[in-house]
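Chain residues, written in single-letter form:
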Amino acid sequence: MSTTATETAAPALNRKDFVTENDVRWCPGCGDYAILNALQRTFPALGIPREKFVVVSGIGCSSRFPYYMNTYGFHTIHGRAPAVATGVKVANPELSVWLVTGDGDGLSIGGNHMLHLLRRNVDINVLLFNNRVYGLTKGQYSPTSPVGMRTKSSPFGSFEQPLDPVRFALGAEAGFVARTVDNNVKHMTATFEAAARHKGLSFVEIFQNCVIFNDGTFDPVYGREQRDEQLLYLEHGKPLRFGKDGAKGIRLNGLEPEIVTVGEEGAAEDELLIHDIHHPSHLFAALLARMGYPEFPTPVGVFRSVQERATYEDGIAAQIAQTRATAGEGDLQELLTGDATWEVPRG
Amino acid sequence: MIKSKDRFREIDAVVVRFAGDSGDGMQTVGEQFTDASALAGNDIRTLPDFPAEIRAPAGSLPGVSGYQLQFGSREILTPGDEPAALVAMNPAALKTNVGDLAANGLLVVNEDAFTKANLRLAGYDTNPLDDPALNERYEVIRLRISELTKDALADSPLSTRDKLRCKNFFALGYMFWVYDRPIDPTLESIQSKWGKRLPDLADANTRALKAGYFLGETHEISRNRYQIARARTVPGRYRKISGNDALVIGLIAAARQAGKNLCYAGYPITPASSILEGLARHKNHGVKTIQAEDEIAAVGMALGASYAGDLGVTGTSGPGMCLKAEFVGLAVTTELPLVIIDVQRGGPSTGLPTKTEQSDLLQSLFGRNGESPLPVIAASSPADCFRAALEASRIALEFSTPVVLLSDNYIANGSEPWLIEDAAKLPAINVREPSPDEPYISYKRDPDTLARRLAHPGRPGFEHRIGGLEKSESGSVSYDPENHELMTRLRADKVAAVAKTLPPLAVQGAPEGDVLVIGWGGTQGAIASAVRRLRDEGHAVSNTHLTHLNPLHPDLDALVDGFRRILVPELNLGQLRLLLAARYGRSFTGLNKVQGRPFTVAEIHDKITEILTSLQS
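As given, the protein sequences belong to chains A and B, one line each in that order. Note that our numbering numbers the first sequence so that position 24 is 24, with each residue one more than the last. Note that our numbering numbers the second sequence so that position 356 is 356, with each residue one more than the last.
Just chain B, with the same shape it has in the complex:
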């Protein structure tokens, strides 16, 4: 056996997955591994994957919680397809995850958890660790993590039960050693989290982490260590950010750019709750948060706040979008600014609450009675949620309209490094006030944007009434047939006018070629990675990723004409594809998946390859 510490292999990216029981603390170690890698200067993307149940029965298959991340010295756009290393804390975690592990991958298991009871819970008749095929296919490292953790904590005052809880940090320490991560950030994090409140626990986790780390060094267990150089990214100061955290700070920034107070009303719903929770922590920025009695009240409160002059925002997921629909229609017809965030999850109905999907696009566009157009935008990555929050707020306030901002579970909970923006250089949001010099006509429109100019309650001389009944330009109730058609068309034209304010559409690759890939939302990383690989291989493939789904970007018109085939990958059954086909009257090829999981790069790569092959024949 080669002495381990002498052997480093330099690689440019690696995918690691931690899997264990939902009580095993896998999300914690995943986060810690991410932080340590980010601080080591790697680019990184994460994919937390946990069950809907808070604590499914211990050791059971539905109770398995996972955390996958890809980090590397090159630009990392996805959490990776196949893990190169898997940590399985029990048989259920092995069973549900080993199928994804790359051939010859590193498999670290907690041997102590492979008891008869746990094997039975996972549906194993015999211990899979003894299966020669497993050992042939993977580099299996059997560690007695439970016992080793207990040994390391022999003189800790904690109970045996609590000592065993520290085993995730032991496993983390071991993986830190394997991938040459610095352990200091985690030691500091342990101290700041528990040091004062629970010093015994802080001490135990510290020792477990170190014990795991030193295990590899003192014993000659692992054959290889991997070293990942710093990523050669844009220089500057970085932080790690998740999608929902980026929405939180993006909304606060947007309110400041508009010179308004932020009022966010929400109702707890997975995976949007952390937006409400995050904003509630930032009251010193003047943020008003309301936990409403239901989804309907939440959007109504946000709309009321907007009417009275705040930036009103509500956030939810698919089931909540259904409930909010009538109020969104009221916002459309009263032409009040409102941002509605939909962090999409698997549907319909309760669906897959903790899994990702992109199936609320058509609902966002059309899920209301009447002709009820509104702008829809989508964030494409965790960090992009920051700019998406600013853009949704800009459109809402400058066009005086409700805007749906689509995120999804994958980018909401995933995280990546973010080149911290300069607060002084954020885009302006220009809210146009009605002129104080002329009589106020409540539905008189700005010639550029077609937006009506708002007079908020409290402003003397501008008293007027609004409501869900159709209005004439003067603001009075009107049942006149021609007026209804005029107002209906004006509302549609106003939304269409948003297109005039968009920067040029970004295209990766040439503006013409064989295959164009059009994506939206959280699929950006997988699409961009696959297309880049194909371009590197010499294929005429390009991609564009749409932030604006309504109105569509005008540059798209010319772009689609430049390609023989157009692929639209979506985590739904073809919703954007339907819109594109209707707009352009040509056929678009779909790549559609609804498994609650993001696309792998390979899936998109294979589909494009298939199209390229068919073009040659």
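Just chain A, same shape as in the assembly:
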């Protein structure tokens, strides 16, 4: 989603301008509070007037989001927010459209719509809250639940292969793909802002903790004790380093990444893979996306940001402009009359 320059300088907005009067009804301790806080901090930083924001959601805990953002908002039906958001953007490309969804809403019941939203490159920002569980229906396994996860609907452990949202988005060739975490507001804000500034579809997965039904699911990755060793912060143009004081790095061995120790004992810094969000090859981001717990640190940040093709709404506008240029502005009377007519005379 690109920011749209406004003709007149709008008064500067702050976080409070995006807070609604509604009581927030997520469970105490839910990761959604932090995400809400981060988005309410992101919007005023974008220089877009408040009335130009539209937050569209499906169904689920995350999808209550629009009620808490003081902008235009539409809480739609389960899995179908991509359709509504597409219609909104096509009707008015000036709007900054944000789609809030979850792992069940966006990848299970709405998986087909999500695929086509990404494929079409509609200029929309997708925030997918991944808590690896169905929260609003009180604790069933989701399409991102790990194998073995015991829930009410998988009492002996889920044996379904989980879907990785980032790999799904890259597979659908989204132009902007990122991942962030609900326990780092600064990282979330920076990631949302980068998504907003990308013209074209932006997809952001957020690791989100469900305090009731899946508490601690991401702790092995982003817990206070683990995150130095387990999170790999992607930064454009910088080598892939992680661990305390960046002691470790990722080096490419053939087509496979490998973990190396950086320094005199191990690899030199210039042997490390340099992150490039504009990398011309799809394989680059795909390679990063294959890394994850427990074999590798889990990358967070922007995986890919490329503008390979026009946005969907620009495509529609371009064809309208093109046909008007060649056939002229449509005349209703000519349309009603058509090509072949005959006259019935009086009398």
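Calculated from the structure, these hints are not laboratory results. Cβ coordinates follow ideal geometry from the N, Cα and C atoms, glycine included. Incorrect hints may appear among the rest.
Unchecked claim - Rough simulated footprint, nothing fancy, chain B against chain A, three-plus residues with beta-carbon under 8 Å:
#1 79 to 86
#2 207 to 218
#3 256 to 268
#4 289 to 299
#5 338 to 345
Fit chain B to the supplied structure of chain A, relying on the hints for placement.
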């Protein structure tokens, strides 16, 4: 034998059917015959009838494709019951169609196609053309259409296979001669279609058409030629229009009348696809079309577009209606304008995709969870689809509600002449905006329409949230029991308020009498024809045809009291009848048929006669 060109018989209407293999180009010749007749000033109605398979095995019974039309010098309201003339291009076409041909009707067959293999495919043990009974019952004209076409194209560079493809134009030329149609419009159409791209084909079709036409003139084959005078219709400029084409231009006109952009999202489905295709051709009118990934996405996109200020429209057929239901419910509760077009076909499930039926009425009214009322209207003829599109859009925008517009396969693909409307005189659509001077209350209602006034995203100072959860008037989520009941009743009252905006109900015949016929949708022509005939015979029979199925027209209340019996003919098992019986607490007589085909005038005439007889005893 009488010399053919000396003998014209003047008749006031005639029904012709072309039937052949689905690869024989019968739809093309049917369309061409229709155009030529329309340009000759006749009134006309058509009924294309083709198989669901694109190409069923050649020569087989399921592969037969037909095109029936009625044209005449009087007002023509249906494609006719029994054809007076049948062109059968092969044995399968003869077998599946000859039963409908009127006694003493004209039967033109392509003798060359009656080979052993084709006879076997059609299930004939012997050649039916040699059956004396066939020749006694009909005026059989055996033409060697394949060979004659090949002869006419002897020096064409086309392959023999491609030459044979021109035989439909030969048959068309022959029928043009029989019914004294002008061939120039077809010659022009051939030139514009193929002249530049495939000049050899254009030349071959031209020659085949002329060869067929001159055959009758140079040989003394047909005993009669028929001449149909110009119809004495309302003077003015006319065009031919099909139902789906009328929806296309009607939606574009509606958007203009409302001062909005049209955004149409659809998913390919028979028989609604040509609406999406038609609109996609008119982008210079600012039309945005989206081919969605499925039926659900299509309605969701249209709803999103409406929310953001466009006129959002989606179109489908029965199976797609099932899929869209949840989104339509969201449109009901968020009270956003949305037009949902259902071009009905035979159901349930995949049913009869290329055949007509009127069995989605109750689904449209009730096929959603919760108390979920919405206005439903139906188009009654191909040309009426134009006004129906305007009316559905008017209700959707003025009442801020989803509206279902029912069409059906029969009127979607059928066509008729249309007195071209003046774009400057189309009805206005008045969208009421929220006042900029007072604080915006998102579910505050207009006192007349009960519609909430919409503030579209982008409008400063009107930021608010909507969604599928129940809301209070202020627009906040409310689980309050009284509020839910209040909002449920308000939504119902709003839909009921549409009735206050309707023009008086049109009734053909007296407002009281023995029998009233109430119809809706594509049965209009057959009902009106039958009732008119009975009135001409002196019977106290009237009919009214409902555009508005929800809410029902208030004038209906008094009308039903004025008749001893009320007949409700429907191409379903009695869906409107159920609604009427529930509303009026009296009994209604049904005439119900689900054969994938429209009513014949005779079926309705006979039923009314039966009722009249029972009233006398």
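Right, here's what the structure says about each hint:
1. 79 to 86: holds (count 6)
2. 207 to 218: It is violated: at least three residues are needed, and the region 207 to 218 of chain A offers just 0 whose Cβ sits closer than 8 Å to chain B.
3. 256 to 268: Violated - the region 256 to 268 of chain A has 0 residues with a Cβ nearer than 8 Å to chain B, which falls short of three.
4. 289 to 299: Violated, because only 0 residues of the region 289 to 299 of chain A bring their Cβ atoms closer than 8 Å to Cβ atoms of chain B.
5. 338 to 345: holds (count 7)
Figure legend: structure checked against the earlier numbered hints; hints not met, in rising order: 2, 3, 4.
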